[in-house]
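Top to bottom, those sequences are chains A and B.
The first sequence stops at residue 316 when you use our numbering, and every number in between is there.
The second sequence stops at residue 228 when you use our numbering, and every number in between is there.
Hints should not be assumed to be uniformly reliable.
In silico negatives: residues of chain A with every beta carbon more than 10 Å from chain B [unchecked claim]:
{"id": "1", "residue": "Leu57"}
{"id": "2", "residue": "Met141"}
{"id": "3", "residue": "Glu228"}
In the DSS-like style, the derived pairs of lysine-lysine whose C-alpha atoms are separated by at most 25 Å in a straight line are [unchecked claim]:
{"id": "4", "chain 1": "B", "residue 1": "Lys48", "chain 2": "A", "residue 2": "Lys302"}
{"id": "5", "chain 1": "B", "residue 1": "Lys48", "chain 2": "B", "residue 2": "Lys19"}
{"id": "6", "chain 1": "B", "residue 1": "Lys131", "chain 2": "A", "residue 2": "Lys183"}
{"id": "7", "chain 1": "A", "residue 1": "Lys302", "chain 2": "B", "residue 2": "Lys131"}
{"id": "8", "chain 1": "A", "residue 1": "Lys196", "chain 2": "B", "residue 2": "Lys48"}
{"id": "9", "chain 1": "A", "residue 1": "Lys302", "chain 2": "B", "residue 2": "Lys53"}
{"id": "10", "chain 1": "A", "residue 1": "Lys124", "chain 2": "A", "residue 2": "Lys231"}
{"id": "11", "chain 1": "A", "residue 1": "Lys183", "chain 2": "B", "residue 2": "Lys48"}
{"id": "12", "chain 1": "A", "residue 1": "Lys44", "chain 2": "A", "residue 2": "Lys59"}
{"id": "13", "chain 1": "B", "residue 1": "Lys204", "chain 2": "B", "residue 2": "Lys131"}
{"id": "14", "chain 1": "A", "residue 1": "Lys183", "chain 2": "A", "residue 2": "Lys196"}
Simulated from the structure, these hints should not be mistaken for lab results.
Virtual Cβ for every residue (Gly too), placed ideally from N, Cα, C.
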Amino acid sequence: MILTSMSTVGITALVPPELIFACGHMPLDVNNHVPSSAEHPVSKLCAWTATWREMLLQKRLQVDSLVVVAGGDCHNALADGQRVALGGIPAHFFFYPFDGDTDYMEAQMQRLVLHLGGEVDKAKFREVGLAKELGMRLEQMRIEGRISGADAFRILISFSDLCGDIPAFMEQLVPEKRHEEAKFRVGLIGVPPIYKDFHEVAESFGMHIAYDELPYEFLRLGGNSMAELAKSYAGYTFARSLGYRLDFLERELARRRVDGVIHYTQFACHHLLEDDVLRRRLDYPVLTVQGDMPGSTPEQVKLRLEAFSEMLGRAP
Amino acid sequence: MIGLDVGSTTAKAAYPEGKFRIVESRNWRELTDGIAPCDIVSTGYFRKSVPHKLAITEITAAAFGAREYFPDAEVIVDIGGQDTKVIDLRNNTFLLNDKCSAGTGAFLEFTAKYLGIQVSELGDLHMRAKKAAQLNSTCGVFAISEMISRMVEGASVEDVVAGMHYSFARRVAKLIPEADRIVLIGGTVKNRGLTAALEEVAGKRFLIPPAPQTVNALGALRYSEERP
Chain A
1 MILTSMSTVG ITALVPPELI FACGHMPLDV NNHVPSSAEH PVSKLCAWTA
51 TWREMLLQKR LQVDSLVVVA GGDCHNALAD GQRVALGGIP AHFFFYPFDG
101 DTDYMEAQMQ RLVLHLGGEV DKAKFREVGL AKELGMRLEQ MRIEGRISGA
151 DAFRILISFS DLCGDIPAFM EQLVPEKRHE EAKFRVGLIG VPPIYKDFHE
201 VAESFGMHIA YDELPYEFLR LGGNSMAELA KSYAGYTFAR SLGYRLDFLE
251 RELARRRVDG VIHYTQFACH HLLEDDVLRR RLDYPVLTVQ GDMPGSTPEQ
301 VKLRLEAFSE MLGRAP
Chain B
1 MIGLDVGSTT AKAAYPEGKF RIVESRNWRE LTDGIAPCDI VSTGYFRKSV
51 PHKLAITEIT AAAFGAREYF PDAEVIVDIG GQDTKVIDLR NNTFLLNDKC
101 SAGTGAFLEF TAKYLGIQVS ELGDLHMRAK KAAQLNSTCG VFAISEMISR
151 MVEGASVEDV VAGMHYSFAR RVAKLIPEAD RIVLIGGTVK NRGLTAALEE
201 VAGKRFLIPP APQTVNALGA LRYSEERP
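Whenever a hint applies, use it, and build me the whole structure from the sequences.
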């Protein structure tokens with residue numbers, strides 16, 4: 001199916017929003033609706049994908065088409081995306097190159113453009129780029145501890161779809177809360193927590209989240225031409241080899257001067273298998289937490305965060 | 001000042017004169033008679049639900065408490081009612097298993113209830129076993145099904161209890177890092193059948209303090225003394 005008129009295009013993970021806007025459509029990151037969802041999917045592995053699957057199939061989330069990121073990132077999305085497609089919602093499957101091949105990336109992007117109608121308004125690349133430049137300034141303020149991690153996360157996580165409206169989104173790029181001095185700086189790696197208040201809970205235990213791994217990818221990748229976009233998005237760390245991702249992580253964690261690392265893992269997500277490797281390689285105290293269903297941060301996760309904060313306080 | 005550990009099953013208090021008291025969690029008030037909240041350092045699952053001057057997690061309390069008995073401890077394994085915590089004191093890290101009851105005291109209670117015996121009898125039954133029944137399941141609920149199967153096949157209660165302890169031990173042993181001085185704490189550790197199975201599966205001897213279930217209460221007390 002080829003989209004013609006202006007449509008809402010659901011995305012299941014990072015899909016260059018530049019392309020969706022440039023083709024005249026509105027991206028909608030279905031994941032952004034999961035943490036506050038009350039869905040209880042009957043058949044599930046990962047609650048992230050199962051929840052958006054149910055929301056789409058039950059029409060509680062309306063999209064005209066769904067772009068499923070199936071290669072190199074979320075494996076559960078491949079199955080749940082197909083179930084959505086079988087339920088009658090047009091779906092396009094988008095694959096990242098594991099080896100960073102920019103030709104492959106550009107070919108995937110061209111296929112996506114065809115699905116989106118084939119007409120590209122390159123001025124939109126620049127518009128999204130300007131929003132990301134502004135986002136980068138806010139990210140720098142977070143690194144310097146001038147805005148809270150919760151505030152930064154709220155802004156960064158929305159860079160996957162820019163809320164479907166670039167000018168309106170840019171007007172929202174204002175930090176809400178004044179940052180209070182935290183005892184420790186931590187990096188949050190892995191998929192984003194499925195809990196809607198995770199950053200606030202971490203802050204309540206004296207931890208400033210100075211890095212959100214995946215949302216930062218949403219912000220840092222981009223470009224002003226198809227070739228630039230292909231080169232940039234081919235470096236999407238979550239779709240690349242673990243070694244590539246670890247090299248990147250080490251640089252970011254050092255740049256942000258973190259005292260410790262929280263590795264968030266999602267029940268039934270293949271990224272959980274990477275935990276041992278990450279713990280061995282990263283030269284920081286690492287707390288691994290595992291989440292399952294969306295909602296508020298449960299007590300057993302709060303206990304781990306509190307104990308981690310106490311532990312950082314005991315570190316030599 | 002006292003250290004008060006209110007856990008999922010029992011509440012423990014450590015008093016400055018070196019005494020300890022243990023009651024069921026719902027009766028925790030008996031431990032604080034005449035003691036002002038400003039003289040209580042709490043820990044355990046209900047640490048924030050009881051009056052306290054300071055509340056610390058069980059992980060920190062365990063680190064301070066175990067040190068009292070074994071100053072050169074490297075790893076602490078705290079087998080509690082609802083979870084199992086493994087604390088590596090060498091690099092200040094910890095792991096918790098609480099998604100599943102199979103490696104926790106709740107699993108032992110579940111088993112004892114099914115067999116119609118007291119949890120306190122499990123250790124002696126284990127020691128009388130002739131051949132531990134083979135239980136392969138890592139899930140507590142499926143393990144009960146397997147126990148039924150083994151008993152239908154003719155295994156004795158003693159053999160089934162021993163098999164259950166080995167199943168439990170295999171699950172906990174996977175969480176324990178390589179170390180020489182490993183301390184076992186928590187009420188479950190009083191079960192000598194379980195500790196024997198754990199030592200056999202892990203292939204090493206563990207250090208067990210005299211009152212393993214009160215270590216966290218003592219740790220809370222020591223924490224308050226070191227960081228008044």
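Violations among the numbered hints: 6 and 7
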